[in-house]
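**Student:** Residue strings, one per chain:
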Amino acid sequence: MVRLSRRGFLGAAMLGGAWLAGCGSRGEPVGARPPADAVRARILRAELAAGAPVVGSPLAELTARQDVRHAARLGAGARRASGTADLATALARKQDAVFTFVEALPQLPDPADRVALMQVLASEAEQIAALRLADGQEPVPDAFAGFVT
Amino acid sequence: MSVATAVAERYAAARTDPSLVETAIWVEQLGALAYAAAADAPLSGAQRDRAERFAGHEQDHAAAFATMLLALTVPVRVHVSDADVDELMPAVRGDRPRAALEVLAELEGAAIAGHQVLARRLHAVDILRTAGMVMGGAAQHLVVLRTDLGRPPTRAFENGL
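Top line first, the protein sequences correspond to chains A and B.
Its first residue numbered 1, the first sequence is counted upward by one per residue in the working numbering.
Its first residue numbered 150, the second sequence is counted upward by one per residue in the working numbering.
These are computed hints drawn from the structure, not numbers from a lab.
These figures come from a predicted structure and were not determined experimentally.
All C-beta atoms in this analysis are idealised placements derived from N, C-alpha and C, irrespective of residue type, glycine included.
It is possible that part of the hints are untrue.
What the hints assert, rightly or not - Covered by chain A, according to a simulated footprint, are these stretches of chain B (three or more residues, beta-carbon under 8 Å):
1. 209-218
2. 253-265
3. 271-283
4. 293-307
What the hints assert, rightly or not - Partial chain A-side listing against chain B, Cβ under 10 Å, derived:
5. R65
6. R73
7. L105
8. L108
9. R114
10. A122
11. E126
12. A143
13. F144
Construct all of the structure, not just a fragment, from the sequences and the given hints.
**Tutor:** Written out as structure tokens, the structure is:
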């Protein structure tokens, strides 16, 4: 059986409410979906911001290598993340990318694109936890990768 | 049968949106019981404390998917038992901490692979927001487990396999 803690109940209710608010009586979205190209552009902007190399983490090289691959998978072509980011900035940008990717998932019409985005989303969520862990922070402060903190 | 195989077979057998979501609930309920069992034994110290917290996270994940199932106007009838844990993940009740961590990592990976099945097969795509949030949580659990196991914590493209 599902045992609900108060926090779990509130989180589940919030998540369910967010979904229901976007649907009509037959479960169809009320609003029109944004064009897929616009969604992909938003995803890529978030990834390029999140991919700025992290300064001062023992995981900097690992995350930088992975972020270059994320950008390529998401259609960056020759574009690369610019500049660098301290740990706090990097964590904030990666969290923003996770938010953007989750929001975009239902807006991508091609299932293969959704799966590819999920794989990058999971990697960015992992990087957040790994960077925190390497810095001595609690790696997983909430159940939903930053959505209920 | 390994727990990853059991999860994959359940997803493969699911033919409708409600059955896909029920499978996701089943996996999260299994995770909640498995982490709780591992916290009772064989884990100790910080690993035990974290397993207790992650058990709560898994309950939250199951509750989130249960809300999605209700939104599809389907009642929640999924029920994982201790017998399922005994059959699929006996290491969480054993005496080897590493074996427990390994099978918990296997389950988290299988959960992530399942969330990506949802991305490929769900017709009610708005549920993918919830799936994405839950998958992010599973991926973060996996980082902790891999670190404790001495494995690389992250992958460039995480598919759980």
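**Student:** Hints first: check each against the structure and report whether it holds.
**Tutor:** So, going through the hints one by one against the coordinates:
1. 209-218: holds (count 8)
2. 253-265: holds (count 3)
3. 271-283: holds (count 11)
4. 293-307: n = 9 at 8 Å, threshold three: holds.
5. R65: holds, 7 Å
6. R73: holds, 7 Å
7. L105: Because about 4 Å separates A/L105 from the closest Cβ in chain B, which is inside the 10 Å limit, the hint holds.
8. L108: This hint holds: A/L108 lies near chain B, its Cβ roughly 9 Å from the closest one there, short of 10 Å.
9. R114: holds, 4 Å
10. A122: holds, 4 Å
11. E126: Status holds, d = 4 Å.
12. A143: holds, 4 Å
13. F144: holds, 4 Å
Hint violations for this structure: none, all hints satisfied.
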